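2 protein chains.
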Amino acid sequence: MLYFIGLGLGDERDISLKGLDAVRSCSRVYLESYTSVLPGVDKKALEKLYGKEITIADREFVEEKAEEIIDGSDTDNVAFLVVGDPFGATTHTDLWMRARERHIPTETIHNASIMNAIGVCGLQLYRYGEAVSIALFTENWRPDSWYDKIKANMKLGLHTLCLLDIKVKEPSLEALARGKKVYEKPRFMTIPEAIEQLLEVESKRTEKVYGEDTFCVGLARVGGSDQLVASGTMRSLREYEFGGPLHSLVIPGEMHFLEEQFVRSFSVED
Amino acid sequence: MLYFIGLGLGDERDISLKGLDAVRSCSRVYLESYTSVLPGVDKKALEKLYGKEITIADREFVEEKAEEIIDGSDTDNVAFLVVGDPFGATTHTDLWMRARERHIPTETIHNASIMNAIGVCGLQLYRYGEAVSIALFTENWRPDSWYDKIKANMKLGLHTLCLLDIKVKEPSLEALARGKKVYEKPRFMTIPEAIEQLLEVESKRTEKVYGEDTFCVGLARVGGSDQLVASGTMRSLREYEFGGPLHSLVIPGEMHFLEEQFVRSFSVED
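Taken in order, these protein sequences are the chains called A and B.
Residue 205 in UniProt numbering sits at position 205 of the first sequence, and the numbers go up by one each step.
Residue 122 in UniProt numbering sits at position 122 of the second sequence, and the numbers go up by one each step.
Simulated from the structure, these hints should not be mistaken for lab results.
Quick caveat, the model's predicted, so the values are computed rather than measured.
Careful: at least some of the hints might be erroneous.
[Claimed, not checked] Below 20 angstroms or equal to it, Euclidean Cα-Cα: the simulated DMTMM-like pairs (lysine to aspartate or glutamate) are: (1) 155(B) <-> 259(B); (2) 149(A) <-> 254(B); (3) 155(A) <-> 148(B); (4) 151(A) <-> 254(A); (5) 208(A) <-> 144(A); (6) 167(A) <-> 254(A); (7) 149(A) <-> 139(A); (8) 151(A) <-> 101(B); (9) 48(A) <-> 269(B); (10) 167(A) <-> 139(A); (11) 149(A) <-> 148(B); (12) 180(A) <-> 170(A); (13) 155(A) <-> 139(A); (14) 151(B) <-> 76(B); (15) 149(B) <-> 148(A); (16) 149(A) <-> 68(A); (17) 48(B) <-> 63(B); (18) 48(B) <-> 21(A); (19) 204(A) <-> 144(A); (20) 155(B) <-> 148(A); (21) 149(B) <-> 254(A); (22) 167(A) <-> 60(A); (23) 151(B) <-> 148(A); (24) 149(B) <-> 165(B).
[To be verified] Computed list of chain B residues with no C-beta within reach of chain A, every gap over 10 angstroms: (25) 28; (26) 44; (27) 52; (28) 56; (29) 105; (30) 108; (31) 135; (32) 136; (33) 147; (34) 203.
From the three backbone atoms N, C-alpha and C, an ideal C-beta is built for every residue, glycine too.
Same shape as in the complex, but just chain A (with noise of 0.2 angstroms):
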């Protein structure tokens, strides 16, 4: 069996039951750890929940070595760990279709992702339109395509989920250059430096989707034990301090007044 283990959010007490059981019968047990990261949690605590070793799969281990993750889960129980949930990214389904092509069996344990835990902010999951993914800026690649994405939400009166970027493992062009592959520390998009390329686009665009007044709601660290929520105007949470990541933002379209009611609890301002 092949299984497809999300970790959820917070640290590895995170895992379920189920989860945990799956993955303490597995002779090998791999750790994504590239569309995501589990800041709370390090390899040697899940090593010592588990009573296994982990090996790390970064991109390149599971695009290069994915036929020799799924080589012998015929016979023997393996375990692929994801952070949040395991259908998040499409490099999991690539993973998957491969076990199915050589009739493995598979299964998936699901957990909390921020997709659905975004919900603790108040809006409900059913009022958001399509999410957004917002890539840090570089001098020559600033692609803004997400603008039209919250246009479209915002018509509908729909809120929109703001995906941060996480930079991990990424090869440092400079150090390539010289042919050696060098990578660059992790990086982590922090919501003030969303709101600022948020803010930037519509000053491009003007065609007043948001701006500096529009009320929106920044969370940090969702699913751990110093989650942060705080909503406010762009102007008040592009000075706001978040704290390490992993960072979020939504904005909100139409609001249910309890809705409005129950993320304004969070607000900085008064």
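Dock chain B against the given chain A, drawing on the hints supplied.
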């Protein structure tokens, strides 16, 4: 502390280790029983696992006795258990707001819910638009506001998750008319019933949002050990036997070829 603890989607072993620690520390434990059900679970199994007695909290109970639930959670720990993730439904936010007004500390322990576990069908979560709720039609009550929402999603190329009606502890109108409070037996909308209603409304509205040939994905008992995913046209899925509740239906928008490959691997046709 007032804990809001998600139980996930399958059975009693879908609670997280953190959730189990929390519930075991509580002097009172309530199980929300009206916005969702955990078909794989019964009260006895939960009580055995937790070593605690559980009070079932149906709609009336939570509405009438909210203050009673909260009372004492400033000095003792109290758990409010919710199938799926705690912040899927408005009524839990009401309880949370009341606690907050009384300055009672709260903590949320997240888990999987249909809103993210639906990713298991292979359509990327960030490509979903607004989710819709399909209510069981009665002779005189045939609400179809979801039609415009599906249309809006389709126009944007987005997938639509259709949440199918659950009727738990509905008062019997016949009995009410005789001055008695008797409850109907629980009813869960099936995928074929949902498709019937969808097609009925399309034939009335004739805006060609979808039709008998529209490719869909039906999911039954997501997160359970007997989870079933089946894809095909509405015509095919209308005839398909999905077994017991809960059922969900996804109407895909534009699919990336990897998404399409994944969902078509569940095809019930040929």
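Report the numbers of all earlier hints that the structure fails to satisfy, in ascending order.
Violated hints: 6, 7, 8, 9, 13, 14, 16, 17, 30; rest satisfied.
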